[in-house]
Each structure stands twice: as structure tokens, then as C-alpha cells.
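J.: Sequence:
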Amino acid sequence: MHTLRIFVLISVLLVALISCKKDDGNDPNPTAASQTDLLVANNWRTVRVTTPDGQEINKSRLNLNTQVLYDLNMQFRKDGSVRALDPSQSNSVVNGGSWKLTADNQSMDVDVQGFKGNFPIIQLTKSKLILRQSAPVDGKTSDINLEFNPTL
Numbered sequence: 001m002h003t004l005r006i007f008v009l010i011s012v013l014l015v016a017l018i019s020c021k022k023d024d025g026n027d028p029n030p031t032a033a034s035q036t037d038l039l040v041a042n043n044w045r046t047v048r049v050t051t052p053d054g055q056e057i058n059k060s061r062l063n064l065n066t067q068v069l070y071d072l073n074m075q076f077r078k079d080g081s082v083r084a085l086d087p088s089q090s091n092s093v094v095n096g097g098s099w100k101l102t103a104d105n106q107s108m109d110v111d112v113q114g115f116k117g118n119f120p121i122i123q124l125t126k127s128k129l130i131l132r133q134s135a136p137v138d139g140k141t142s143d144i145n146l147e148f149n150p151t152l
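The working numbering puts the first residue of the sequence shown at 1, with every later residue one more than the last.
Worth flagging that the hints you see were computed from the coordinates, not collected in a lab.
What you were told as hints is all true, and nothing was included just to trick you.
Think about it this way: if two alpha-carbon atoms lie no more than 27 Å apart in a straight line, the pair counts; the simulated DSS-like pairs of lysine-lysine are:
1) Lys78 to Lys126
2) Lys59 to Lys116
3) Lys126 to Lys59
4) Lys78 to Lys128
5) Lys100 to Lys126
6) Lys140 to Lys116
7) Lys116 to Lys78
8) Lys128 to Lys116
9) Lys128 to Lys59
10) Lys100 to Lys128
11) Lys140 to Lys59
12) Lys116 to Lys126
13) Lys78 to Lys100
14) Lys100 to Lys116
Label pairs and their computed distance ranges (CB to CB):
15) Ala41 to Gln113: 20 to 28 Å
16) Gly80 to Lys140: 31 to 39 Å
17) Ala33 to Gln123: 16 to 24 Å
18) Ala32 to Glu56: 28 to 36 Å
19) Pro120 to Lys78: 17 to 25 Å
20) Lys100 to Asp143: 19 to 27 Å
21) Lys100 to Asn149: 17 to 25 Å
22) Asn91 to Leu64: 16 to 24 Å
23) Asp37 to Asp138: 33 to 41 Å
Virtual Cβ for every residue (Gly too), placed ideally from N, Cα, C.
All chains should be built: construct the whole structure from the sequences, respecting the hints.
T.: Structure, rendered in C-alpha cells:
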């Protein structure tokens with residue numbers, strides 16, 4: 001009888017673990033609420049810039065506005081505001097503006113001095129944000145991916 005109870009308990013636990021749905025933010029049909037929740041959950045820091053096919057672009061090849069992103073933490077807030085924070089100055093706000101998701105939740109409109117436009121969301125999970133941007137690389141406008149990781 002004791003063995004049967006243990007077997008039933010283990011079976012129930014296994015079924016519960018297997019049936020849990022993993023929410024990694026890779027929903028092919030994201031909602032505004034799910035995208036917003038992922039964006040505002042963290043501050044984001046640029047960790048690398050790549051070509052659309054994933055080849056890393058050396059920071060020195062980028063224009064000044066893009067290079068500055070490496071030194072800032074971006075904070076998207078539920079009220080539609082976005083702030084650029086300088087971690088070397090106790091996260092003081094050095095720039096700000098607004099953001100909003102587009103109707104299809106596949107891109108975001110950002111209006112910040114030096115960082116304005118529509119940015120397609122290539123990937124948005126709890127641990128990674130990748131936005132597409134057209135920006136100068138070696139003085140010639142190119143599509144690039146801005147890769148962000150969460151900051152503490």
C-alpha cells in the first residue's frame with residue numbers, strides 16, 4: 001500500500017511538470033500585454049550589434065549615436081516612456097522619450113533624441129531583446145540588429 005501511494009504521488013508530480021507550459025516569449029502571435037510585460041521587466045543594455053545574418057559589427061564601424069548605446073541602460077516603462085540611464089553615474093537619466101508597440105506587436109515606435117524610428121522586434125524574451133535598425137556602418141546606411149541583455 002505504501003509503495004502504491006509513492007507511485008501515485010510521483011505520477012501526479014510528473015504529469016504536473018510535463019504539462020506546465022514554458023513561456024519564453026517566443027509566441028508567434030504575441031499580444032501587446034505579453035510584449036509589454038517582457039519589455040518592462042528589465043532594464044536593457046546593448047551587448048552587441050550585428051548584421052541581419054548575425055555577424056558582429058565592430059563598435060568602431062558604427063556612428064556615434066549607435067556607439068553610445070553600449071554605455072547606457074534602456075528602461076521601457078508601462079506608461080509608454082523610455083529612459084536612457086547612465087550606469088557610470090548611478091543610473092542617472094541622460095535621455096528620454098516615448099515608445100509604443102505597433103498594432104501587430106511586431107515592432108515598436110521609439111521617439112528619443114538620437115534614437116527615433118520604427119524598430120522591428122526580431123526577438124523578445126526574458127533574457128534577450130533584438131531590435132532591427134537602419135543606421136550608418138562605415139558611413140553607409142545598413143540594416144543592423146541591436147542586441148540587448150537584461151541588466152540588474
